[in-house]
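S.K.: Each chain, letter by letter, is given below.
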Amino acid sequence: MSRNGPIALAYHTLFVIFMLAPIVVVCWVAFTPEGFLSFPTTNWSLRWFYAIARYPEFVSAFWQSLGLGALSSALAVGFSVPAALAIARHRFKGREAFTALFMSPLMIPYIVLGIAFLRFFTEIGLSGSFTGLVLAHIVVVMPFALRLTLASAAGLDRSIEHAAVSLGASEWTVLKRVTLPLVVPGLASGWALAFINSFDEVTMTVFIAGPGTATLPVRMFLYIQDNIDPLVTSVSACVIATTVGGLIALDRAYGLERLLVGRGHDGR
Amino acid sequence: MKATPYLLVLPALVLFAAIVIVPLVMTVALSFHDWGQYKGIEPVFILKNWREVLEDSYYWEVFGRTFRIAALVTVLSAVFGAPEAYILNRMKSPWRGLFLLVILGPLLISVVARTLGWALLFGGNSGLVNKGLMAAGLISAPIPFMFTETGMVVALTHVLMPYMVLSVWAALQRLDPQIENAAVALGAGPLTTLRRIVLPQAMPGILSGAIIVFSLAASAFATPAIIGGRRLKVASTLAYDEFLNTLNWPLGATVAVILLVVLATAVIVANRLVERRYAQVFG
Amino acid sequence: MAFLTLDRLTKHFGSHAAVDGLTLSVEKGEFVSLLGPSGCGKTTTLQMIAGFVEPSGGAIRIEGRDLLAVKPAKRGLGIVFQSYALFPHMSVAENVAFGLEMQGVAKAERARRVAETLELVGLGAFAARFPRQLSGGQQQRVALARALVIKPQILLLDEPLSNLDAKLREEMQIELRQIQRTVGTTTILVTHDQGEAMALSDRIVVMNKGRAEQVAAPHEAYERPATPFVANFLGKTNHVDGKAIRPERIEFAAAGLAGVVRTRIFQGNHWLYQVETASGLLTVIRQNVGGAMPEEGASVHLAWGTP
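Residue numbers (this note's numbering), protein chains in the order written: chain A, 4 to 271; chain B, -10 to 272; chain C, 663 to 969.
Worth double-checking, as some hints may not be accurate.
Some but not every residue of chain B turned toward chain A, in silico, with C-beta under 8 Å [claimed, not checked]:
#, residue
1, Leu2
2, Leu19
3, Phe21
4, His22
5, Ile76
6, Leu97
7, Arg103
8, Ala211
Hints were generated in silico from the structure; no laboratory data involved. Each residue gets a CB set at the ideal place from its N, CA and C atoms; glycine is no exception.
Based on the provided sequences and hints, a complete structural model is requested.
M.R.: Structure (structure tokens):
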């Protein structure tokens, strides 16, 4: 019915260029054949991608990030499920306060969390350890996991479970055959969103990662602090490609808008 | 029966008490401890760090820069993000989804990679941005972006823009699709419709987006660290330096606690004001 | 000359003709309903009159003047939307005043007319409320007041009562009719509810697949449907030997078409029968006057006069 005019479309084009420019530039420079930062004009080369293999710290950091993200997201979903069930299905004293507490890592600056974790882990001897990283990441990605598990638990029509019970299903059968299949997509998306956030987190992690446990973004950050060369652009290009792939998969599976806005608008 | 919900939240509660509340309390306590180059941290209660931060003009300058940058980033993202959200909302089905992905997707791409992109674009006086602006005749001499507040503001606006678009988009989604037609039928022109009908309804979204963007901009770390370099400090990079370079943890903790308190107060007050203003109208 | 004329009005969406050569004349002060199932083109027609959809062909004229040459914002039509489309950030009075403000009506005059119109729709006491503090029926009245206050040449109503519950809808129908009579504004109503169309209109336009199947007064369209589509759409119909017979015209008689009662449903003021006959299953509606009626399984004879 209403259409965007030419001015609006011109504005939109500039806006999209602004949003994409730095990402495109990183990927572009990564293909340079030169030994210094330059935009490939005629010659393209994969030399800086091959070069990654010669820097074991980037490769090991990648696996470190992957393992940390997968594990802490799974545990965050694990902690979220019972909490989401309580919050979505029960009215009890302190319900709002609990929700606020579990969502609080979104409100506290990550720099403050990083400092707090560093102080705490140093006291209890977990500084720089993988265990410490996992504990910190569970807490930091918990709001993302909880939001989607909550949405999924709240969206569950209880009369569907009642229908199963009325048809003779036992409590266990209801859980296995009705409730779980209905909430699994929400849990999977919660895990995925938590994973992406854990995988990208740098501000908090830079405080508590040790030399042997540094994640990929932390390695990249520390590397850039010293100097910017084509190697770090090719590493970044790989990270961007991985994230974009994951994003598209997530968009197909769940709908990015629903994921980020936090509720579906398909009702209209 | 009554204990069920409490049992269900118990695991997460224990985790958060141990891993969030205790460390935060310890950090606040740390800001009152003493520190010396050779003696390290002494667990005593003194106001030395607080006095130092509040009395030394250097810290005022850093906090001033932090909130100045955050305010600029907030204004820029609102001014440029809100119209884009409106344009997105008017797009037709396949385009809308595609561009929503393009604009919101960067939110999930590593902030280090995105900032690296800006560092490459700025790249001294001969960077792409300056070349482009000069070719377009918008500027006559190159603007220094690297290691300046200008560069930080541009990069942070890019990093945080998706939050603003998302927030305004969510508000526009609640708009009755016929509401603009209703205004037009009553004789309102396109600009009047935008100003009198659409903008007031997008305002709660713009304000809540502004709150998010401001608090994230004021506490941002990786982007100011990379664009600002070692000299141009904001609160978070200052705290980082105290912790990992100078090793004066109590002073770093003081800076962090001040940042936390100021931001928390600002966010709570702003949320209250927005809620009170719009409770009657939108509920 | 007719007040509003639609002349071979056509709208194509791609290869699909949503409105297909619709021609219609509406007299000044008349209440005309566009009635039909969803997808029949009635809403598209309304949106073309309003100016939100551009016709692919044909003309719309008011008193002979070409309406299509006038921008939507300058047409001066009052529209009540299905969703009401009230401005949620403005009070009731501000909502109603908006159109007058756009016309540049002076403040004092504006206040007077807003108060007058709110009085007309029975919302005089609600001027300071915000839309979300009102019930559905009250919001509906605000939408009506907002459309009427600008003294529109034509009032366009797009399914205005469809969001109300059955009882309220009936009350609003009566009120809408009274208000329309009072102000005398030429009105076009779009609806899929044949009861609503018949209750409110001077004439109804039964639409199907973008075309007008019949344009007639409600009673006439009901009694003498021009096509089988109209007959079916305007109420239950039996088809016997190619003739349409309304269920309430069939009586139980001593002699006539023989049949057996299959089902009988009591509906308060009437009984609904399904009778198996040699001419097929016929629907019969009889007033409930308290007497005994044939039961399920009973053998009956059906008779009807020729209309």
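S.K.: Are the hints correct? Go through all of them and say.
M.R.: Hint check results:
1. Leu2: 7 Å, holds
2. Leu19: 6 Å, holds
3. Phe21: Violated, about 13 Å.
4. His22: Violated. Min distance 10 Å.
5. Ile76: Since chain A brings a Cβ to about 5 Å from Ile76 (chain B), closer than 8 Å, the hint holds.
6. Leu97: Cβ of Leu97 (chain B) sits 5 Å from chain A, so the hint holds.
7. Arg103: 5 Å, holds
8. Ala211: 5 Å, holds
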